[in-house]
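Protein sequences, first through last, are from chains A and S. 3 is the number of the first residue of the first sequence in the working numbering; add one for each residue after it. 160 is the number of the first residue of the second sequence in the working numbering; add one for each residue after it.
What the hints contain is simulated information worked out from the structure, not anything from laboratory work. Don't take every hint at face value.
To be verified - For lysine-lysine, the following DSSO-like pairs were computed, each having C-alpha atoms within a straight-line distance of at most 30 Å:
{"hint": "1", "chain 1": "A", "residue 1": "Lys22", "chain 2": "S", "residue 2": "Lys439"}
{"hint": "2", "chain 1": "A", "residue 1": "Lys204", "chain 2": "S", "residue 2": "Lys257"}
{"hint": "3", "chain 1": "A", "residue 1": "Lys192", "chain 2": "S", "residue 2": "Lys194"}
{"hint": "4", "chain 1": "A", "residue 1": "Lys165", "chain 2": "S", "residue 2": "Lys439"}
{"hint": "5", "chain 1": "S", "residue 1": "Lys194", "chain 2": "A", "residue 2": "Lys56"}
{"hint": "6", "chain 1": "S", "residue 1": "Lys410", "chain 2": "A", "residue 2": "Lys51"}
To be verified - Covered stretches of chain A (in silico footprint by chain S; criterion: 3 or more residues with CB under 8 Å from a CB of chain S, positions within the stretch not fixed):
{"hint": "7", "stretch": "140-147"}
{"hint": "8", "stretch": "159-169"}
{"hint": "9", "stretch": "189-195"}
All C-beta atoms in this analysis are idealised placements derived from N, C-alpha and C, irrespective of residue type, glycine included.
Chain residues, written in single-letter form:
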Amino acid sequence: MSNQEILNKLRDTIVTQDIKGCEAAAKEALEADISAFDAINGGLAVGMKIIGDKYELGELYLPHIMMSAKAMDGAMGILTPELEKDKTTESIGTAITFVQQGDIHEIGHRLVSIMLSVNGFNIVDLGVDVPDETIIDEIKKLNGSKVLLAGSALMTTSMQGQKDTMEAIEKEGLRDSVKIMFGGAPISQKWIEEIGADATAKNAADAARIVLKLMD
Amino acid sequence: MTNRMTPPERMMAVMTGQKPDRVPVVPFVLGYASKVTGISLGDFYADGDKCFEAQFASMRLHGYEQTPMYGYASMGAFEFGGEIEYPYGKGQGAPFVKKHPVETIEDIEKLEVPDFKKELPGAYKQADRLASRCSELGLPVSVQVGSTFTAASVIANTSEFVSWLIMEPKAAHSLLDKVCNMFINAIDYFAEKYGAENMLPFDGGPSESNTMISADMFAEFAYPYMKRIHTHLKELGVNSVLMHPCSDQNKNIPHYIKLRNEIGWSGKYVWLFGPETPVKTQVEAFGDHDIVCGNINPSLFITEPYEELLEICGQNILEGMNSPSGFILAAGCEFPPNAAPIKLMAMLDAAEKYGRYE
C-alpha cells in the first residue's frame, strides 16, 4: 500500500467513525515510515475537516463528531509519542481554549479545540469553568508567541463574564499579544464589538476558518 | 373596551380561544426574579418557597402573564442519585451537574427509577413547594415533565450518551425508558395531589435540538418517549402543556406536528420555540390548534437598548398576533437573569403599543 493510500485510510476511518480502524491505520502509518506529523496533517486532520464541513451542512450531527473525535483520540495516542521526538515542525500558533467561569458546557468547546488542533494550532485546553486569573497566567506564559484565546459560553450569565475577561486582559497590558475569539449560543457580533474582542463564529468548523484569517 | 383585562383574565382568554385585550406576555422569567426579592440565584433554585415568592413578586411588579414555575435544563441527574450544585458562583445561571449518576453503560442497569410515593426525589421537593403555593392561589401548577431525551443526556455523561446513540442504541433506549418512567411518576404525583385539570406541565429541552442530533435520531430516541408522556397526560385529563423545543429544532417540527394526531389530543399546546424558528413557521405548523409564542433571542435583552427592544418585540408581535388560536409574546429561552428591568419593561410596552386587539 502506498503512503498516500495509508493517509487516505486514516482520513476515511475518521470520516466513517471507525475507532479501531483508525488506531490500526495510525500504526500502519508509522510502520511505513510516515512521520507522525504527516499522518496527522495528511490523514486525521483531513478527515476531521471533512467531518466539520458535513456537520456545518447538516449532513452529520454531534454523535458522529464525538465518534470521529474518539477515533482521532485513539490514533493520537499512538502518534503523539512520535510527534514529541520531532519538534521541528512549526505550528500556526497556540490556542488557549476554555469555557467561561460558571459554565460547564463542554461539547462546543471540545469541538473547537479539535478543529483548531487539526488546523495546525498547539492547544492549551484549560477546560470548563475557568476564572480570569487562570487565563491571564496562561497568556503571560505564552507571551511573545502567536496566541489565540478561544472561549465559549452557553448561557447569558457566563457570556457576561467575557466582558470581565476582556477588561482583565487590558488591565494586565496583554491585549496586543493575543487574538480573542468568543463563541457559544448567546454570542453575537454586536456583543463581540461591544466588549472589544476580535471575532466570533457560528460553529467549530467556522471558528477554524475565521481564526486562520485572524492569525494571518 | 374601557375596562382592561387583568393578567389572569388575559391568560384565561388566550387559553380558552378567546381574544384578550392585548397580546399576553410570558417573558420566560426564572432566575431574573431572584433580583426582584433580593435573594441569590442559588437560593432561588434551592428553596421552592423563595422561588415562588420571587416569581410571584416579579409577576406583580411587571404585570406580565407568566405564573411561577420550577425547573431547569439539567433536571434529572439529581433525581436519579447524582449530585448537582446550585448557582451561587460567578457566571452560573442555573443548577448544574457535579456528578452524573451514569458514567458507563453498566451504570444504566443499576439505575433505579425514583419512586414518588416515598420521599420526593431531588429537586421535585422544591417543585412541590412551589406547586402548593400556586395551587393555594388558584394558579396553574407547572411542573417539569420532560424532555426525556434532555434529562437522559445529563443523567449520563453527555458526550458518552450521544456516542451511545450510534454505538449502543439499546443502552440509550434503556436509559431513556427509565427517565421516561420517572416523568410518568412525577405526573401521577402532581396530578393526584393538585388535580390534572389544574396542571400546566412543562416539556422541553435543548439536547434534542438539531445542533446536536438529526431529525431521524429525534424520531428514534426522543419522539417515542415524548409520545408516551403526552399520552399519559391526555389519559389523566391534563388540558394544556407548555412545550419548549429549545434551540434550533426546525427539522423536528414534522414530529411535533404529528404528536397531536397520533395521541388524539384535543387540548392545547403552548409552543415556545427557540429564536431560530420563525414565528411564521410556527403559525403555519401549529396555529390552527395551538397557541404560538414569540421568541425574542434572550441575548438581545443584554445587548440591545430599550428602544431597540421595543421595536424587536413589536415586530415579533406583528408576525404572530393574528395566529388563529392565539399568540403570546415570549423570550425564546430563559430571560437573562442579569438583564436590566427596563429590558423586560420593553416586552410589556411592546404588547401595549403593538399587540392591542381592541
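A quick look at each hint next to the structure:
1. For the hint linking A:Lys22 to S:Lys439, the alpha-carbon distance of about 47 Å lies beyond 30 Å, and the restraint is violated.
2. Taking the CA atoms of A:Lys204 and S:Lys257, the gap is about 28 Å. The hint holds against a cut of 30 Å.
3. For a cut-off of 30 Å, the pair hint linking A:Lys192 to S:Lys194 stands: about 26 Å separates their Cα positions.
4. For a cut-off of 30 Å, the pair hint linking A:Lys165 to S:Lys439 is broken: about 35 Å separates their Cα positions.
5. For the given pair, S:Lys194 sits about 43 Å from A:Lys56 by alpha-carbon distance, which is inconsistent with the 30 Å threshold.
6. Restraint check: the Cα-Cα separation between S:Lys410 and A:Lys51 comes to about 24 Å, which is no more than 30 Å; the hinted pair holds.
7. Beta-carbon proximity to chain S at under 8 Å applies to 0 residues in the stretch 140-147 of chain A; the threshold of 3 is not reached and the given coverage is violated.
8. Coverage of a stretch by a chain is defined here by at least three residues with a beta carbon nearer than 8 Å to that chain's beta carbons; for the stretch 159-169 of chain A and chain S the count is 5, and the condition holds.
9. With a cut-off of 8 Å between beta carbons, the stretch 189-195 of chain A has 4 residues touching chain S; three or more are needed, and the interface restraint holds.
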